[in-house]
Amino acid sequence: MTYRQVRIIGGRGPGPDQFETLLSGLAVGPKDELLVAADGQVRVFDPAGRLLRRWKTEKAGYCVAVESDGTVWVGQAGQIEKFDSGGKRIDTWKDTTRLGLVTSIGFIDHSVLVADSDDRCIRCYTSGGVWQNDIGKKNNTRGFILPNGHLDFAIDAGGVIHACHPGKHRVERYTRDGLLLGHFGRFGMAKPEDFPGCCNPTNLALSPQGDVIVTEKAPPRMKVYNGRGELQAWVGPEAFDPNGKNNDVVVDSRRRIYVADTPRLRVVMFEPEGAAPAGTRPATTRESVGR
Amino acid sequence: MSDRSTRRELLGHCARGVGLVAIGGTGVYLGRRAAAQGLWQIDPERCINIRLGATGIEACDKCATTCVLALSAVRAVNEFSRCGRCCICPAYFDVTSEVGSDGLPKGKLCPRDAIERKPIGLVDPSDPLNNFYEYVIDEQKCNGCGKCVLACKEPAGLGSIRLEVRHDLCLNCNRCSIALACPEEAFAQREIRTT
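Chains as they are written, first to last, in our numbering: chain L, 1 to 291; chain E, 1 to 195.
For the record, the hints were derived by calculation from the structure and aren't laboratory data.
Note that the structure is predicted; figures quoted are calculated from it, not measured.
A hint or two may mislead.
Said to hold, decoys possible - Chain E residues, not near chain L, derived (Cβ > 12 angstroms throughout):
(1) R8
(2) P44
(3) T65
(4) V123
(5) D127
(6) D138
(7) E154
(8) R175
(9) I192
Unchecked claim - Straight-line Cα separation of at most 27 angstroms, BS3-like style, residue types lysine-lysine; simulated pairs:
(10) K191/L - K106/E
(11) K94/L - K138/L
(12) K106/E - K118/E
(13) K88/L - K138/L
(14) K94/L - K56/L
(15) K141/E - K108/E
(16) K191/L - K141/E
(17) K82/L - K56/L
(18) K137/L - K108/E
(19) K31/L - K88/L
(20) K118/E - K138/L
(21) K59/L - K88/L
What the hints assert, rightly or not - Computed beta-carbon distance windows for the label pairs:
(22) G129/L - R166/E: 40 to 46 angstroms
(23) L51/L - R82/E: 37 to 43 angstroms
(24) R46/E - T97/L: 42 to 48 angstroms
The beta carbon of each residue, even a glycine, is placed where N, CA and C say it ideally should be.
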């Protein structure tokens, strides 16, 4: 399988559909719209890259997530803001002891899972905001090893949590109770299926079809694995800025993948080769890598 | 008549006094300037091994190879407060070398083996990756070649390692050979101001 780059959304600039300083979090809504947390705002784009709406957040958002009912959650430093789908603030969660830097949010049944990159774990809350348990703390290092300072996870249809563990060069799977079910990945610079450098992968997304999509830094790449951890495709590093780090990634219902290119302040959209053309700039970007 | 003479004398005294103060002040200024101690420093905004944004390059080793001392006065320093204590540190391991059965690269990056790697706390026997590691640079071995600095730089690492001039070793030459060789003009003499 190969992916082609079909569209670039945003870019550096003062326009309403551009970004000026900080591009951090992505999410895909129920109708495949793209939500972007950047510059202390949430911007909503349609798959064609047109800005639909935007609104300000109280603090800079480091991640954004959308519930099935359209509620938008924005993770920030020390708090989480909730908005309805139109951008009206519904609630703000503050937990001075358990919410550090919130870099990922997910949902299982009536629970809300929050990645706290400061304390290097995933917090599990009830939908009402009551803390229940932590995930990833029961090990020798008392949390995920995050030299890159960023923890990302996603939840599959079966309720299994897939989390990046960059310090171990793995993708790990956990139950909601924190039980480690398994992992795939290992360190390596020569083979594209391995994870290079000090700490990769940095970000992760799950497609409805069961693909595990990750991004890496130094060199920046986007890679697609199947559910068994076998590499299916990869893109990069030429598609992204070489100084990129913690580039968020999301995938929509049609397997279209969006990757945040943080230094260039833009979102790059890819789709599988053979899919119906969705853009105006097709270009195959798959290539082998190695140093 | 005597009043005029007195006024002229007074003005003359004042002019001589002002002249003496000006000459004395100029002398003091020139003396202080001559005695000012400039020290050679590395500008992190210019050094290609340290500055952010310079990626995909070879490490510059001019600090190691051009100093007049047998072992350069420049050393790599690991700032522990910024170090990620990675299991696979790209400044310690040659990450491009073959991976061993333990999952770690077989080669080391430092050509002088000047970095020591120690686990922090007990090593989990079932999974050595379950640990943080401390990296200490042996200043008796380090020659400031900059390889570890470049490897640890963002975004590959955390940028916790930098190059510093050891002033107890530096001869503070007027025409520093490192400064002459530095391709980025990052090696410069800075005046040290004391308050």
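Hints, one by one, checked against the model:
1. At the 12 angstroms boundary, the C-beta of R8/E stays outside the reach of chain L, the nearest C-beta of that chain being 70 angstroms off.
2. The non-interface label for P44/E is consistent with chain L: the shortest C-beta to C-beta separation is roughly 16 angstroms, beyond 12 angstroms.
3. With 12 angstroms as the threshold on Cβ separation, the claim that T65/E sits away from chain L holds: the shortest Cβ distance comes to roughly 24 angstroms.
4. Listed as outside the interface, V123/E is inconsistent with that label: its C-beta sits roughly 8 angstroms from the nearest C-beta of chain L, within the 12 angstroms cut-off.
5. Listed as outside the interface, D127/E is inconsistent with that label: its C-beta sits roughly 8 angstroms from the nearest C-beta of chain L, within the 12 angstroms cut-off.
6. Residue-level check passed: D138/E sits 21 angstroms from the nearest beta carbon of chain L, beyond 12 angstroms.
7. A cut-off of 12 angstroms between C-beta atoms contradicts the statement that E154/E is not in contact with chain L; the least separation is 7 angstroms.
8. Every C-beta of chain L lies more than 12 angstroms from that of R175/E, the closest at about 36 angstroms, which supports listing it as non-interface.
9. Every CB of chain L lies more than 12 angstroms from the CB of I192/E, the least distance being 34 angstroms, so the non-interface label holds.
10. A C-alpha spacing of about 16 angstroms is found between K191/L and K106/E, which places the hinted pair at or below 27 angstroms, so the restraint holds.
11. Straight-line distance between C-alpha atoms of K94/L and K138/L comes to about 25 angstroms, which keeps the hinted pair within the 27 angstroms bound.
12. For the proposed pair K106/E and K118/E, the alpha carbon gap of about 16 angstroms is at most 27 angstroms, so the pair holds.
13. Our distance criterion of 27 angstroms between C-alpha atoms is broken by K88/L and K138/L, whose separation comes to about 38 angstroms.
14. Pair hint K94/L plus K56/L holds up; C-alpha atoms about 18 angstroms apart against a cutoff of 27 angstroms.
15. For a cut-off of 27 angstroms, the pair hint linking K141/E to K108/E stands: about 15 angstroms separates their Cα positions.
16. With a CA separation close to 34 angstroms, the supplied pair K191/L and K141/E exceeds the 27 angstroms bound.
17. This hinted pair checks out: K82/L and K56/L have alpha carbons roughly 12 angstroms apart, not beyond 27 angstroms.
18. Our distance criterion of 27 angstroms between C-alpha atoms is broken by K137/L and K108/E, whose separation comes to about 31 angstroms.
19. In summary, the hint linking K31/L to K88/L is supported, as the alpha carbons are separated by about 19 angstroms, within the 27 angstroms threshold.
20. A C-alpha spacing of about 22 angstroms is found between K118/E and K138/L, which places the hinted pair at or below 27 angstroms, so the restraint holds.
21. For the suggested pair K59/L and K88/L, the alpha carbons sit about 15 angstroms apart, so the restraint of at most 27 angstroms is met.
22. Between G129/L and R166/E the beta carbon distance is about 54 angstroms. The supplied range of 40 to 46 angstroms is therefore violated.
23. For L51/L and R82/E, the Cβ-Cβ distance of about 38 angstroms falls inside the hinted range of 37 to 43 angstroms, so the restraint holds.
24. As the Cβ distance of R46/E to T97/L is approximately 43 angstroms, the hint placing it in 42 to 48 angstroms holds.
In this structure, the earlier hints numbered 4, 5, 7, 13, 16, 18 and 22 are contradicted, and the remaining ones agree with it.
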